[in-house]
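Student: For chain P, the structure is supplied; the task is to place chains S and R on it using the hints.
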Amino acid sequence: MTETAEARLAALGLTLPEPVAAVANYVPTLISGKLLYVSGQISMEPDGPLKGKLGDDLGIEDGQKAARVCCLNILAQARSALGSLEEIGQTIRLTGFVNATPDFTDHPKVINGASDLMVDVLGERGRHTRAAVGVAGLPLGVAVEIDAIFAIA
Amino acid sequence: MTETAEARLAALGLTLPEPVAAVANYVPTLISGKLLYVSGQISMEPDGPLKGKLGDDLGIEDGQKAARVCCLNILAQARSALGSLEEIGQTIRLTGFVNATPDFTDHPKVINGASDLMVDVLGERGRHTRAAVGVAGLPLGVAVEIDAIFAIA
Amino acid sequence: MTETAEARLAALGLTLPEPVAAVANYVPTLISGKLLYVSGQISMEPDGPLKGKLGDDLGIEDGQKAARVCCLNILAQARSALGSLEEIGQTIRLTGFVNATPDFTDHPKVINGASDLMVDVLGERGRHTRAAVGVAGLPLGVAVEIDAIFAIA
Chain P
1 MTETAEARLA
11 ALGLTLPEPV
21 AAVANYVPTL
31 ISGKLLYVSG
41 QISMEPDGPL
51 KGKLGDDLGI
61 EDGQKAARVC
71 CLNILAQARS
81 ALGSLEEIGQ
91 TIRLTGFVNA
101 TPDFTDHPKV
111 INGASDLMVD
121 VLGERGRHTR
131 AAVGVAGLPL
141 GVAVEIDAIF
151 AIA
Chain S
154 MTETAEARLA
164 ALGLTLPEPV
174 AAVANYVPTL
184 ISGKLLYVSG
194 QISMEPDGPL
204 KGKLGDDLGI
214 EDGQKAARVC
224 CLNILAQARS
234 ALGSLEEIGQ
244 TIRLTGFVNA
254 TPDFTDHPKV
264 INGASDLMVD
274 VLGERGRHTR
284 AAVGVAGLPL
294 GVAVEIDAIF
304 AIA
Chain R
307 MTETAEARLA
317 ALGLTLPEPV
327 AAVANYVPTL
337 ISGKLLYVSG
347 QISMEPDGPL
357 KGKLGDDLGI
367 EDGQKAARVC
377 CLNILAQARS
387 ALGSLEEIGQ
397 TIRLTGFVNA
407 TPDFTDHPKV
417 INGASDLMVD
427 VLGERGRHTR
437 AAVGVAGLPL
447 GVAVEIDAIF
457 AIA
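Protein chains in written order, with the working numbering: chain P, 1 to 153; chain S, 154 to 306; chain R, 307 to 459.
Honestly, the hints are just simulated from the structure, not real lab data. No experiment lies behind these values; they were computed from the predicted model shown. Among the hints, erroneous ones may be present.
To be verified - Taking lysine-lysine and the BS3-like style, the derived pairs with C-alpha atoms no more than 25 Å apart in a straight line are:
| id | chain 1 | residue 1 | chain 2 | residue 2 |
| --- | --- | --- | --- | --- |
| 1 | P | Lys34 | S | Lys187 |
| 2 | S | Lys204 | S | Lys262 |
| 3 | R | Lys415 | S | Lys204 |
| 4 | P | Lys109 | R | Lys357 |
| 5 | R | Lys357 | R | Lys371 |
| 6 | R | Lys415 | R | Lys357 |
| 7 | P | Lys34 | R | Lys340 |
| 8 | S | Lys204 | S | Lys218 |
| 9 | R | Lys371 | R | Lys415 |
| 10 | S | Lys262 | P | Lys51 |
| 11 | P | Lys109 | P | Lys65 |
| 12 | S | Lys187 | R | Lys340 |
One chain only, chain P, in its complex shape:
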């Protein structure tokens, strides 16, 4: 892939949101050695949160859309921290928390919304390890929260 991540984003018709500042005594990103840690990003769009619970009021596609939003927010934070998406060496880890009922079992399909977008934007540099689990609830009642670790190029 010789295209830049920004070109891929544009080709996908996507724009990264303004990265949201942390509203408490934590920070959205931290660099330690060659690793960039990104705080858990929720399914919050510029015009509001994507709320709901998988297995209750949300279907798989709703969840995938929420996971994509988390991924866009993660990339926005990474770009803000590193200056450019080209400074991402590799996406190392995503931990995907899905707001879901006790009988929901398709968490991987939901988090694929983020995994697929990560690779669409970053190519091989976007392939990552991950965990996908169902949680009892999430901040603001959002559908998905995902945290991330990147290796810096």
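Tutor: Leaving out everything else, chains S and R in the frame of chain P:
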């Protein structure tokens, strides 16, 4: 901040507990390269666990107190592993698990109890990335569990 | 411990399964610097998943068996990534997600199934930090999911 973390603790009227040994085939802390990993610390005070569920029998302030206790236990483990809180270079990551009902949505406010104390004690070195999620349950029925990664100074 | 991990596995009567390829845009393992990250491994045996919920249809021993299966899958992935279990320098972190009801409180006992096996196979190199929490649900309805970070020898 020129004060030591110990001086800040004292000024806050706080004392770190004796770090609790792991009671199984895991360890409370591990150093790998320049990183210190701390096992999930629960809201366990020297005289017993802070139990309960947010959204059910616990209010936000109860949860914040439980998160503070987790933070004290994390700092106690870090001091034990490194010899001194001054050896902490930076708090890198906290993952906060809140024992909560499916409709609870204020997990960030709860985990702020830990985030605020971390910065109160360590200053800028205490600012961290984090995730805050609601889980179905926690060991012993405690209200909060938090794990941590530190960079060593 | 002068025995190899393979000899310990054999003495335990255990065989590592074929590592399962990721079925989406993520990867089972990634090496970054001296760390090996392993994606969340579920309680999936070669002949099918170990499903169920602690506190509901599963007892502690069922959960421990599921956690052992997760550990075997983690070790299989690590061996595949590194070429040999002898290339594991240290197990750094396990995060154990237990599929459990809101009133279940013995998550540590469940995850001990993985922690004990890790040390049985790797000796001191198998001692790790960990977190153990109860989640609302897991992929396919499995009982346990565990992700891992290793230091490379």
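Student: Return the numbers of the hints above that this structure violates; sort them in rising order.
Tutor: Violated: none.
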